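Given the coordinates of chain A, work out where chain B should sit on it, guided by the hints.
Given next are the chains, with one letter for each unit.
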Amino acid sequence: KNQVEQSPQSLIILEGKNCTLQCNYTVSPFSNLRWYKQDTGRGPVSLTIMTFSENTKSNGRYTATLDADTKQSSLHITASQLSDSASYICVVKVPRGAGNMLTFGGGTRLMVKP
Amino acid sequence: DVKVTQSSRYLVKRTGEKVFLECVQDMDHENMFWYRQDPGLGLRLIYFSYDVKMKEKGDIPEGYSVSREKKERFSLILESASTNQTSMYLCASSVGGRDGYTFGSGTRLTVV
Numbered sequence: 001k002n003q004v005e006q007s008p009q010s011l012i013i014l015e016g017k018n019c020t021l022q023c024n025y026t027v028s029p030f031s032n033l034r035w036y037k038q039d040t041g042r043g044p045v046s047l048t049i050m051t052f053s054e055n056t057k058s059n060g061r062y063t064a065t066l067d068a069d070t071k072q073s074s075l076h077i078t079a080s081q082l083s084d085s086a087s088y089i090c091v092v093k094v095p096r097g098a099g100n101m102l103t104f105g106g107g108t109r110l111m112v113k114p
Numbered sequence: 001d002v003k004v005t006q007s008s009r010y011l012v013k014r015t016g017e018k019v020f021l022e023c024v025q026d027m028d029h030e031n032m033f034w035y036r037q038d039p040g041l042g043l044r045l046i047y048f049s050y051d052v053k054m055k056e057k058g059d060i061p062e063g064y065s066v067s068r069e070k071k072e073r074f075s076l077i078l079e080s081a082s083t084n085q086t087s088m089y090l091c092a093s094s095v096g097g098r099d100g101y102t103f104g105s106g107t108r109l110t111v112v
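Keeping their order, the protein sequence lines are chains A and B.
First residue of the first sequence: 1, per this note's numbering; consecutive thereafter.
First residue of the second sequence: 1, per this note's numbering; consecutive thereafter.
Bound-form chain A, shown alone (with noise of 0.2 Å):
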């Protein structure tokens, strides 16, 4: 089982309307929780980094919250454009050895339609 989970897998929103994607994790303890974008045929971009002590954070139209007591982040798209579309990936750093290791959900992929 997945140890970062994401939903929905696949969502379809109309060019402007706001939409939210969830992530539940259950991997302990973390680093920090990250959510990327990742555009068709390219590697993932970093949105935002939280801490388990940050509630949210955002950038730009991009807001993420993290509820650490209940292991649970989600991502709000304010005022979607088109180029939004994208899979939006939740991504936990734990400890690992001597370092740290990203475990990345499943991914949500969003389609933004005019």
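A few of these clues could be false.
Claimed, not checked - Straight-line Cα separation of at most 30 Å, BS3-like style, residue types lysine-lysine; simulated pairs:
no., chain 1, residue 1, chain 2, residue 2
1, B, 13, B, 53
2, A, 93, A, 57
3, B, 71, B, 57
4, B, 53, A, 93
5, B, 55, B, 13
6, B, 53, B, 18
7, B, 57, A, 71
8, B, 53, B, 3
9, B, 71, A, 93
10, A, 57, A, 113
11, B, 3, B, 57
12, A, 17, A, 57
13, A, 93, B, 57
14, A, 57, B, 3
15, B, 70, B, 3
16, B, 3, B, 55
17, B, 57, B, 70
18, A, 93, B, 55
19, B, 3, A, 93
20, B, 53, B, 71
21, B, 71, B, 55
22, B, 53, B, 70
23, B, 70, B, 55
24, B, 13, A, 93
Claimed, not checked - A short, non-exhaustive set of chain B residues, derived as facing chain A with CB atoms under 8 Å:
no., residue
25, 40
26, 41
27, 42
28, 43
29, 45
30, 90
31, 101
32, 103
33, 104
34, 105
35, 106
Treat the hints as calculated values from the structure; they're not laboratory data.
These numbers come from a predicted model, not from an experiment.
Note that CB positions come from ideal geometry on N, CA and C, so glycine has one too.
Below, chain B without anything else, positioned relative to chain A:
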């Protein structure tokens, strides 16, 4: 900006061939990683390296090996390619002890 460059965007190889995937980063990062990405499974770590000539197994190292002879270059080797190694391969690098990971654009490998 840090740049992580993967030498091929698309690659088609035959079963049994030896395959080399190359990754180069230009910002003197200590850490480099190879992941594969499959639908519904997310990114899975194959191998990583904390320094030149150092390598450690990730979660799915079977069927793969790596080489890091120079700090800027991290190679992934498929000794004898199989069809179940058809996937998107992503390289990443990061500064030791820091949070910024930078990914390459990926290599989509098809083994026929």
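Going down the list of hints, with the structure as the test:
1. Simply put, residue 13 (chain B) and residue 53 (chain B) have alpha-carbon atoms about 27 Å apart, close enough for the 30 Å limit, and the pair holds.
2. Under the criterion of a C-alpha separation no larger than 30 Å, the hint pairing residue 93 (chain A) with residue 57 (chain A) is consistent with the structure, at around 17 Å.
3. Among the hinted pairs, residue 71 (chain B) with residue 57 (chain B) is consistent with the structure: their alpha-carbon atoms are about 18 Å apart, no more than 30 Å.
4. Proximity of residue 53 (chain B) to residue 93 (chain A) is assessed by CA-CA distance (about 24 Å); at most 30 Å being required, the pair is judged to hold.
5. Between residue 55 (chain B) and residue 13 (chain B), the direct Cα distance comes to roughly 25 Å. Compliance with the 30 Å bound is thereby established for this hinted pair.
6. Our distance criterion of 30 Å between C-alpha atoms is met by residue 53 (chain B) and residue 18 (chain B), whose separation comes to about 21 Å.
7. Distance restraint check for residue 57 (chain B) and residue 71 (chain A): the Cα-Cα separation of roughly 28 Å lies within the 30 Å cut-off, and the hinted pair is therefore satisfied.
8. Of the pairs offered as hints, the one joining residue 53 (chain B) and residue 3 (chain B) holds, with about 21 Å between alpha carbons and a cut-off of 30 Å not exceeded.
9. For the hint linking residue 71 (chain B) to residue 93 (chain A), the alpha-carbon distance of about 23 Å falls within 30 Å, and the restraint holds.
10. Of the supplied pair hints, the one linking residue 57 (chain A) and residue 113 (chain A) holds, its CA atoms being roughly 26 Å apart against a limit of 30 Å.
11. With a C-alpha separation of about 24 Å, the suggested pairing of residue 3 (chain B) with residue 57 (chain B) holds against the 30 Å cut-off.
12. A C-alpha spacing of about 20 Å is found between residue 17 (chain A) and residue 57 (chain A), which places the hinted pair at or below 30 Å, so the restraint holds.
13. For the hint pairing residue 93 (chain A) with residue 57 (chain B), the CA-to-CA distance comes to about 17 Å; that is within 30 Å, so the pair holds.
14. Annotation: proposed proximity of residue 57 (chain A) to residue 3 (chain B) holds, straight-line Cα distance about 26 Å (limit 30 Å).
15. Between the alpha carbons of residue 70 (chain B) and residue 3 (chain B) the distance comes to roughly 16 Å, so the proposed pair stays at or under 30 Å and holds.
16. Restraint check for residue 3 (chain B) and residue 55 (chain B): the C-alpha separation of about 21 Å stays at or below 30 Å, so the hint holds.
17. Taking the CA atoms of residue 57 (chain B) and residue 70 (chain B), the gap is near 19 Å; set against the 30 Å cutoff, the hint holds.
18. The straight-line distance between the Cα atoms of residue 93 (chain A) and residue 55 (chain B) is roughly 20 Å, inside the 30 Å bound, and the hint therefore holds.
19. With a C-alpha separation of about 22 Å, the suggested pairing of residue 3 (chain B) with residue 93 (chain A) holds against the 30 Å cut-off.
20. Simply put, residue 53 (chain B) and residue 71 (chain B) have alpha-carbon atoms about 9 Å apart, close enough for the 30 Å limit, and the pair holds.
21. Proposed proximity of residue 71 (chain B) and residue 55 (chain B) is supported: the alpha carbons are some 12 Å apart, at most 30 Å.
22. The suggested pairing of residue 53 (chain B) with residue 70 (chain B) holds, with an alpha-carbon distance near 8 Å, which does not exceed 30 Å.
23. Note on residue 70 (chain B) and residue 55 (chain B): the hinted pairing holds, with a Cα-Cα distance of about 12 Å set against a maximum of 30 Å.
24. As the CA atoms of residue 13 (chain B) and residue 93 (chain A) are separated by approximately 34 Å, the hinted pair breaks the 30 Å bound.
25. Proximity of residue 40 (chain B) to chain A holds as hinted, the smallest CB-CB distance being about 5 Å (cut-off 8 Å).
26. For residue 41 (chain B), the suggested interface contact is upheld, since its CB lies about 6 Å from the closest CB of chain A, less than 8 Å.
27. Contact between residue 42 (chain B) and chain A, as hinted, is supported at the beta carbon level, the nearest pair being about 4 Å apart and thus within 8 Å.
28. Interface hint status for residue 43 (chain B): upheld, as the beta-carbon distance to the closest one in chain A is roughly 4 Å, under 8 Å.
29. The interface hint given for residue 45 (chain B) is met, as the beta carbon of that residue sits about 7 Å from the closest beta carbon of chain A, less than 8 Å.
30. Because the closest C-beta pair between residue 90 (chain B) and chain A is about 5 Å apart, less than 8 Å, the hint holds.
31. Restraint check, residue 101 (chain B) versus chain A: the minimum CB separation of about 7 Å is within 8 Å; hint holds.
32. Restraint check, residue 103 (chain B) versus chain A: the minimum CB separation of about 3 Å is within 8 Å; hint holds.
33. Using the Cβ-Cβ criterion of 8 Å, the hint placing residue 104 (chain B) at the interface with chain A is satisfied: the shortest such distance is roughly 5 Å.
34. Given the 8 Å rule on beta carbons, the hint for residue 105 (chain B) holds: about 5 Å separates it from the nearest Cβ of chain A.
35. Hint status for residue 106 (chain B) relative to chain A: holds, with the closest Cβ pair at about 5 Å, below 8 Å.
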